[in-house]
Amino acid sequence: MAIDDLPRTPRRQFLTRLAGFAAFGAGASALRPARAANPAAAQALVQQVLSEIMGIINSGRSEAAMLAEFEQVFTRYADVNVIARSVLGPSARTASTAQISAFTAAFRGYMARKYGRRFRELIGARFSISGARDLGNFIEVVSTAALVGQPPYEVRWHVSDRSGSNLFFNMVIEGVSMLAVEREEIGAMLDQRRGDIDRLIADLRGMG
Amino acid sequence: MPGFFAMFLLGLVAACSPAPLGVEVWDPYEAENRARHAENRAVDTALLRRSAHAYGETVPEPVRRAVGNFAGNLSLPGAAVNSLLQGRPDAVVENTFRFLINSTLGLAGLFDPATEFGLHGRPTDFGETLHVWGAPEGAYLELPFIGPSTERDAVGFVADIALDPVRILLPRDARGLAFGSRFGALIGDRYEYSGLIDSTLYESADSYAQARLIYLQSRRFQLGDESFTTYFDPYEELYGD
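If you read the sequences in order, they're chains C and V. Counting in this note's numbering, the first sequence runs from 1 upward without gaps. Counting in this note's numbering, the second sequence runs from 1 upward without gaps.
Hints are not guaranteed to be accurate.
What the hints assert, rightly or not - Derived contacts from chain V toward chain C, CB cut-off under 8 Å, selection only:
| hint | residue |
| --- | --- |
| 1 | G118 |
| 2 | H120 |
| 3 | G176 |
| 4 | F179 |
| 5 | I214 |
| 6 | Q217 |
| 7 | Y231 |
| 8 | Y239 |
As the list claims (entries may be wrong) - Derived DEER-like restraints, expressed as beta-carbon distance ranges:
| hint | chain 1 | residue 1 | chain 2 | residue 2 | range |
| --- | --- | --- | --- | --- | --- |
| 9 | V | L170 | C | P90 | 41 to 47 Å |
| 10 | C | S62 | V | Y193 | 20 to 26 Å |
| 11 | V | L170 | C | D196 | 54 to 60 Å |
| 12 | C | Q150 | V | E226 | 22 to 28 Å |
| 13 | V | D173 | C | Q192 | 51 to 57 Å |
Hints were generated in silico from the structure; no laboratory data involved. Ideal placement from N, C-alpha and C gives every residue a C-beta, glycine not left out.
Bound-form chain V, shown alone (with noise of 0.2 Å):
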């Protein structure tokens, strides 16, 4: 059965045309997607970057951190398993013994004595077990409310809810406080990283391409993927050498 949900899940991938070779930026939709990115800027203003200003002015800093740990923490079971399906049983191992620690010595994930330890835990996803399966990163995507991502990781991020065996164990009212407590750490890394979000959201000077142009570039980053790395070297172009 698994298996099958995996053919599903890589029919839907390779569905989406694959990225032409030498581009770096492949982006079919980028009217929709330019359209999405002023919606999901408008959000950030009304509320987010609102939200995150009083959340970080009036919570106090300890408190931040266990709301971010706690959420972290839940999110380790749904890295292991896909450490699992990208069969690195290293990241497997981590992601569960850090789940393991911090949910006992850290007091059900409020602290985060693993990585004292040197479990810093090997964040990961399904759209990264996806592009280890091979599947391509196909067309650049701005989600409504999640922002920038791809035509990989947008099926990824589906998949992810499903697989979640958070979501699946959690007793049903103990579900509103894994939700709301995702939504804390959301809230705190829009306060945490105010700097970059509102420079590139407000002060550049085309925000959806800086946006676009630095999500691209982290998550192949991330995953470690050198097929688009181009270097680029500005003596070529002037002295044409």
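Looking at chain C on its own, in the form it has when it is part of the complex (with noise of 0.2 Å):
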């Protein structure tokens, strides 16, 4: 509206240019590549992550009490409060702050129980990693595990900056990405509770 119906004036170049530098800038910001963690950060990110899961499933403790531990290296380590909206879809947005959380508390203790017990598969395991690549909105670190009598299988890992610091929010195991299946999973549970987040954190607590 108001551009075009000004007079040809030094106010009206001044807007022109300001609109122009407007919409310049708002290409540029959808187009910038940075904004992700630096490749090395999130290598030793995940270097971190898989020393620590290591120590904890050779350590021979009880199951119960390596599953408390593996909530706590997904507390540290993981975007639990981006995978846990995501998970949500189209739900995290009509959701209150207090399911938010409430959901984002739940969901870290079933995903620490559901992925956990998989772990043991990997005792005596040998994890090294391949490499760190740039995706342009995150950095994907490569990881593969070498198993006794096993072809060896590969771990990728989705590391982002974007809450602040280094934090992973996918594993994608031999090409199977966790956020994808969880994304799917939480959504039939919903479903199944017509959308019920409430009855969905009560349940969620008891399973995984």
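Fit the two chains together into the complex; they arrive one by one in their own frames, and the hints show the way.
Structural data, given as structure tokens:
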């Protein structure tokens, strides 16, 4: 509206340039590849996660103790807030802040139990990191697990520092994205409960 | 003649429409697939899971391993043929040498000395051959007894039975042994991976959708099919950046 109605004055030129600059700025920020963690820092994070997980697995403690420790690893190194909001999908937008934080806590425990139980299969495995690459919005760190008598398998970690520090938000195990699997699963759980987040939160506490 | 056979199969796959771009899961037969899934799950509950537990708990580990090795060895000639059809000479050599070593030093395949020589083998199948030849994945399918598949992999499955050198060359009375060992290996795998299988089939809210997602992602990964790789960025969705 306004700009074209204005007479050709320095003021109009100024506004045009401002609009142009704003448009350019918006475009540039959409294309901006930065903001992702740097590959070396992401790799160090994954190294740390792997050594802590392997330490827990090989500690020989009880399963309950190990699962509690896995949950701490998730709390420290995974962006659980973002993962939890993401798996909630569109419901995250209508949920209250209290519901989001209760869901996040319940989901963290569920994730630690569900994936922690599976970590047992990694006893004796040797992980090595083969590299990290910048995928634009985040860093992908590629690790390989060598298991005795089995072909090696690959775990990719997606790391971002968008929430202020380097945290991983996805694990891709032999091509299977944990985030995709959990988005679908939590979506199905919500459907079963007709979108009732409070029921989902209560049920999640005993699942995984 | 093999050329004609290949053309025939490609024609068969081409008859299935290609998956629309940007759609990660193409499942136009979902209703039928879900019905098959319910049946497969019932078969697993009634038969497979129970036999797998009995097998795993009564048969000692070294014997189970030998059964798995034996069946795995019998899959190598077929893998070598597919590697050849895919134009991958290094995989042909690896599968062939693995078969020769394990069939001799490994006492007819009961042991696996080839792995110690670094010959892990390159498992492959006709579904992969079709992929290499450019056939599209097609629609998702859940097959009776077989489980998750795609139109391309279902055609590959049938072709693998037809092409299998072991089935063709083995004397008639040895075929029962081959089939039996494969069934044993299947039950052994069901036992070995019971954690993953039970959690997918019995503990998830929608086991059909979970099996479909896991199958499609791991199959594409195995085929190195990057055309489906869409990296999901949750921050984009949340911060709308």
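- Item | Enumerated hints in conflict with the structure, sorted upward | Of the numbered hints, 1, 3, 4 and 9 do not hold.
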